[in-house]
Amino acid sequence: MTSALFYSMAGLALFAIGFFGVVVASHVMRKILALNVMGVGIFMFLIALAKRNPLVVDPLPHALVLTGIVIAVAGTALALNLMVRIHHIDQSSQEQSK
Amino acid sequence: MNDLSSSLLLPAIVFLPLLAAIIAYLIGQNRLQGPINICFSLAQFLLIGLTTLLFLHEKTDQSERYIIGGWGAPLGIDLIVDGFSILMLALTGLLTLLITLYSASYFSGKYSASDKSLRFWPLWWLLISGLSALFMSADAFNIYVCLEIIGLSAAALVALQGNRAALQAALRYLLVGLLGSLFYLFAIAILYRSHGTLDLMQIAETTNHSFPDKVAMILITIGLLLKIALFPLHFWLPPAHANAPTPVSAILSALVVKASLYILIKFWFDVLGETTTLGASQVLGALGGAGIIYGSWCAFRATQLKLLIAYSTVAQLGYIFLLFPLSEYSMGVSSFTGSASQAAVYFIVAHACAKAAMFLAAGNLILAQGDGEIAQLKGIAVREPLNVLVFAIAGISLIGLPPSAGFIAKWLLLTTAIESGQWWWVIVVITGGLLGAMYLFKVLSLAFSTDPAVIESRAVKSTAPVSSVSSVPVSNVMTTVALILALITLALGFNAEFILNISNTVSEVNDI
Amino acid sequence: MFNKLDIEYDGPPVDKSALSLIASVLVAGLLLAVTITIVLSDKGHNTGLATVITQNIELSGVTNPVTAVLLNFRAYDTLLEIAVLLVVVLAILPTRDHHTPFFKRIEVNKQNLVLSALQCWIAPAVVIFAGYLLWAGAHQPGGAFQAGALLAGASVLLFQSDTYQINYTSPIARVLLVLSLGVFITIGTALIWFEGSLLTYPLAFSGLLILLIETCATVSITLALASLYSSFIANENLSITDNKHRTIE
Amino acid sequence: MNLVVIFDALLIFSMLTLGWMSIFSLSLFRCIVFFVCLGLLAAIAWGQLGAFDVAIAEAAIGAGITGALLLAAWNRIRPHRTKAIEPNLTNAKTSQKDTKEHV
Numbered sequence: 001m002t003s004a005l006f007y008s009m010a011g012l013a014l015f016a017i018g019f020f021g022v023v024v025a026s027h028v029m030r031k032i033l034a035l036n037v038m039g040v041g042i043f044m045f046l047i048a049l050a051k052r053n054p055l056v057v058d059p060l061p062h063a064l065v066l067t068g069i070v071i072a073v074a075g076t077a078l079a080l081n082l083m084v085r086i087h088h089i090d091q092s093s094q095e096q097s098k
Numbered sequence: 001m002n003d004l005s006s007s008l009l010l011p012a013i014v015f016l017p018l019l020a021a022i023i024a025y026l027i028g029q030n031r032l033q034g035p036i037n038i039c040f041s042l043a044q045f046l047l048i049g050l051t052t053l054l055f056l057h058e059k060t061d062q063s064e065r066y067i068i069g070g071w072g073a074p075l076g077i078d079l080i081v082d083g084f085s086i087l088m089l090a091l092t093g094l095l096t097l098l099i100t101l102y103s104a105s106y107f108s109g110k111y112s113a114s115d116k117s118l119r120f121w122p123l124w125w126l127l128i129s130g131l132s133a134l135f136m137s138a139d140a141f142n143i144y145v146c147l148e149i150i151g152l153s154a155a156a157l158v159a160l161q162g163n164r165a166a167l168q169a170a171l172r173y174l175l176v177g178l179l180g181s182l183f184y185l186f187a188i189a190i191l192y193r194s195h196g197t198l199d200l201m202q203i204a205e206t207t208n209h210s211f212p213d214k215v216a217m218i219l220i221t222i223g224l225l226l227k228i229a230l231f232p233l234h235f236w237l238p239p240a241h242a243n244a245p246t247p248v249s250a251i252l253s254a255l256v257v258k259a260s261l262y263i264l265i266k267f268w269f270d271v272l273g274e275t276t277t278l279g280a281s282q283v284l285g286a287l288g289g290a291g292i293i294y295g296s297w298c299a300f301r302a303t304q305l306k307l308l309i310a311y312s313t314v315a316q317l318g319y320i321f322l323l324f325p326l327s328e329y330s331m332g333v334s335s336f337t338g339s340a341s342q343a344a345v346y347f348i349v350a351h352a353c354a355k356a357a358m359f360l361a362a363g364n365l366i367l368a369q370g371d372g373e374i375a376q377l378k379g380i381a382v383r384e385p386l387n388v389l390v391f392a393i394a395g396i397s398l399i400g401l402p403p404s405a406g407f408i409a410k411w412l413l414l415t416t417a418i419e420s421g422q423w424w425w426v427i428v429v430i431t432g433g434l435l436g437a438m439y440l441f442k443v444l445s446l447a448f449s450t451d452p453a454v455i456e457s458r459a460v461k462s463t464a465p466v467s468s469v470s471s472v473p474v475s476n477v478m479t480t481v482a483l484i485l486a487l488i489t490l491a492l493g494f495n496a497e498f499i500l501n502i503s504n505t506v507s508e509v510n511d512i
Numbered sequence: 001m002f003n004k005l006d007i008e009y010d011g012p013p014v015d016k017s018a019l020s021l022i023a024s025v026l027v028a029g030l031l032l033a034v035t036i037t038i039v040l041s042d043k044g045h046n047t048g049l050a051t052v053i054t055q056n057i058e059l060s061g062v063t064n065p066v067t068a069v070l071l072n073f074r075a076y077d078t079l080l081e082i083a084v085l086l087v088v089v090l091a092i093l094p095t096r097d098h099h100t101p102f103f104k105r106i107e108v109n110k111q112n113l114v115l116s117a118l119q120c121w122i123a124p125a126v127v128i129f130a131g132y133l134l135w136a137g138a139h140q141p142g143g144a145f146q147a148g149a150l151l152a153g154a155s156v157l158l159f160q161s162d163t164y165q166i167n168y169t170s171p172i173a174r175v176l177l178v179l180s181l182g183v184f185i186t187i188g189t190a191l192i193w194f195e196g197s198l199l200t201y202p203l204a205f206s207g208l209l210i211l212l213i214e215t216c217a218t219v220s221i222t223l224a225l226a227s228l229y230s231s232f233i234a235n236e237n238l239s240i241t242d243n244k245h246r247t248i249e
Numbered sequence: 001m002n003l004v005v006i007f008d009a010l011l012i013f014s015m016l017t018l019g020w021m022s023i024f025s026l027s028l029f030r031c032i033v034f035f036v037c038l039g040l041l042a043a044i045a046w047g048q049l050g051a052f053d054v055a056i057a058e059a060a061i062g063a064g065i066t067g068a069l070l071l072a073a074w075n076r077i078r079p080h081r082t083k084a085i086e087p088n089l090t091n092a093k094t095s096q097k098d099t100k101e102h103v
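Protein chains in written order, with the working numbering: chain Z, 1 to 98; chain W, 1 to 512; chain H, 1 to 249; chain L, 1 to 103.
By construction, these hints were calculated from the structure, which means they are not laboratory data.
Hints are not guaranteed to be accurate.
Residues of chain Z placed beyond 10 angstroms of chain L at every Cβ, according to the derived structure [to be verified]:
| no. | residue |
| --- | --- |
| 1 | Val57 |
| 2 | Asn81 |
| 3 | Gln96 |
| 4 | Ser97 |
Derived pair list, reagent style SDA-like, types lysine to any residue, alpha-carbon separation capped at 20 angstroms [as the list claims (entries may be wrong)]:
| no. | chain 1 | residue 1 | chain 2 | residue 2 |
| --- | --- | --- | --- | --- |
| 5 | H | Lys104 | H | Leu118 |
| 6 | W | Lys442 | W | Val426 |
| 7 | Z | Lys98 | W | Arg164 |
| 8 | W | Lys214 | Z | Lys98 |
Chain L stretches covered by chain Z per the calculated footprint, using a threshold of three residues with CB under 8 angstroms from any CB of chain Z [said to hold, decoys possible]:
| no. | stretch |
| --- | --- |
| 9 | 3-12 |
| 10 | 15-23 |
| 11 | 29-43 |
| 12 | 52-62 |
| 13 | 73-79 |
From a predicted model like this one, the values you see are computed outputs, not experimental measurements.
Even for Gly, the Cβ is constructed at its ideal location relative to N, Cα and C.
Kindly generate the complete structure, drawing on both the sequences and the hints.
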């Protein structure tokens, strides 16, 4: 049992928590947060996987995670933007109906 | 060493759309926007056409690899082209050219706000580059990046319409896409852990019945089924495809869902073929069958024209999933060979052309009518005969009546089902065909209804438009493009041997 | 499960329908159990690609293995990843140019003391540190993405008040946003002529070319991330005009 | 050695808790704050695992920029903004700044 194994299990747990959140949470922002938590879980799994041999650090998963982080932030930004635009439309239609 | 693997062609297919995206973004609002984009699409079409011809000419019995960066498989990323991917690429090239022609007049300012085109063109080209890169990718993580390009740009394109329904559909589409990619990414992590490489071929070589591979396959299947919208996971597709701008709907139904399907087929048959089981493929087939029935039924009940077509996509995707049980049974071992895979490949091509034609024609009809309600289409055949003709031809192909591409695809599917002794799929296919005929004839009979009173009332209405519905005369280009696509669908039906030859190449290639 | 998309601010964190809740608990629990079993049971491939990478690191032109993977061995991925970032920027940024200059400084009388102190002292330090990160990325942890993110953070700080403004839709901003993708494509394609294969760096210049690409990437990433942030702060007008356009349904 | 194990266990435990709370906290603002904390802890954990490049990127992008984006979006959708906009819709910029101060 190495610490990398613990961390990869923690990554799996974060993935499961995030998936649970995506399915169960009702607010869009919670769903977006849950997707991000899932992402952190996978990244953790990858990084722990890079260290599974205590003597060697495999840099390839690190590069994959770097790519993944940037993609995650891009997806989050787009989702938040769509959410804000929907909210804006709702708000202006509410104002009109008043 | 042959021409294809050493030449510029393969990377150029990815880089040209990227370049087009940059240029489209930089020139911004300009009268030259349309012509430049048409030039780019023509160049892209020629590039892909040349690649296809070279590939067919070489008649290689192996897939071609292009090594990026001179590193080679485990370290670097390779591009790979085999028969199936060349077919998907050719489809991409053809649809890119035609839909770009269509969009150039759709976004010219007459039919939509002019600054939509500013957003549309760069995103469009990024989507095309993502699709082209995906069909050539030989690296599991590279496929993830391509899937994200496709998913994000497709969601952004759906959101282009700007109204609440479109934004909501885009948001749901985006979230589902992100969730699916995360599942895929997790599977990639597991695969890398057990195989120590990301190259698909090398994973395929070392794969065995091990437990992690099975779990990875399950995760990949779940993630990609979410993106393909197979029956119980289809909920996001109809609103997204129905609310997008017409050219976007066409490419989404024709190619974007097929991109995920392509990856699933690749993993299911080539990469992790040994982990699949008979039971799992029967489950996929059952879901496909349920999708056929459910999608057709929802299409029959739809009141909006584009929603009807979107539900029909759900149904048609179900047919392709019959590939999984049929091919499994016919070969004993899962492999992408034999008549079932030919049927599936033919189905993908036929559906892509027919559905693109149908969406474009429907977009034209909606423009001419000013309204997306099916009930409003009464007697439209008199005013828009060509577009209704396109709709009818595409519909014939979707139902599977001769002479059309859809007929041959369904014929192949039925014969395979009978040969393999799985007669229950025959019932599903025939029921689906009947339901398809019901919902398409519902539209067509309305369109062809020659009740004079109706036409008169329409004429009166169109001379004095009262309500907010505004109808615009449809430009010839847009009608012609839809017509060309419909004619291609017919030609594929008359000239079946051509595609069957290519799909023979496909099966040969995948045999190795 | 995505049929309900709340945007209302208040509301319970959990969807009320109990059926989906129980089902998803089961699914998530099952997933967790299964995957943990794999991790515990399977030894897997022991070192991955670590040995191959260390063998080839001298040919890559940099000594930091992560940078070598990102910008040399798997540079194609990074190129497409920059395209992903561009997709989102294109989707979010307003399309209309406001015809204000790219960079503008406005004198404001009433200044937030803490903010201005931060702007005066922290921001330049962050810029210098980002430059260091970028340069150091070749041989120790750091690189384009980290530097870009730091710079974007600094610019978020800098443009919090209205003293400085950047117009992300001006022609200069457009050029800078696509700069990294353009340079990446140009270098990659040009190398086909010189070296015979896409993105194959010649050994003598690889370090230099990687630094060039990284610098451009830093500029584009900074601008992209900062523009994403700014779109949430100040696109009120944009979304209003978007609604007014006639939509075809 | 023992200390390191305890540290790891604490880190993992608090990350899991934060992961849960960043989705299911009652107030959205707390969710975001917890998520940023999760990102920072993840950066520490990855530093612990020898991935310093990724740790820097996660702290800067995963926690920093994502957190800023989430907070900005949260600021746009929270209810009291409607009152702030209504009086001067034409001059949205200033009302923007006013509400900014309350954060």
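Outcome of the hint check:
1. Val57: Violated, because the least Cβ-Cβ distance between valine 57 of chain Z and chain L comes to about 5 angstroms, which does not exceed 10 angstroms.
2. Asn81: violated (8 angstroms)
3. Gln96: holds (12 angstroms)
4. Ser97: Check passes; 13 angstroms lies beyond 10 angstroms.
5. H:Lys104 <-> H:Leu118: Holds. Lysine 104 of chain H to leucine 118 of chain H sits at ~19 angstroms (cutoff 20 angstroms).
6. W:Lys442 <-> W:Val426: Roughly 24 angstroms between the alpha carbons, so the hint for lysine 442 of chain W and valine 426 of chain W is violated.
7. Z:Lys98 <-> W:Arg164: Cα-Cα ~19 angstroms, so holds.
8. W:Lys214 <-> Z:Lys98: violated (57 angstroms)
9. 3-12: That given contact holds, which follows from 5 residues of the stretch 3-12 of chain L lying within Cβ reach (below 8 angstroms) of chain Z.
10. 15-23: Result for this restraint: holds, n = 6.
11. 29-43: holds (count 6)
12. 52-62: Coverage by chain Z holds for the stretch 52-62 of chain L (6 residues, Cβ < 8 angstroms).
13. 73-79: holds (count 4)
Taken one by one, the earlier hints fail for this structure at numbers 1, 2, 6 and 8, listed in ascending order.
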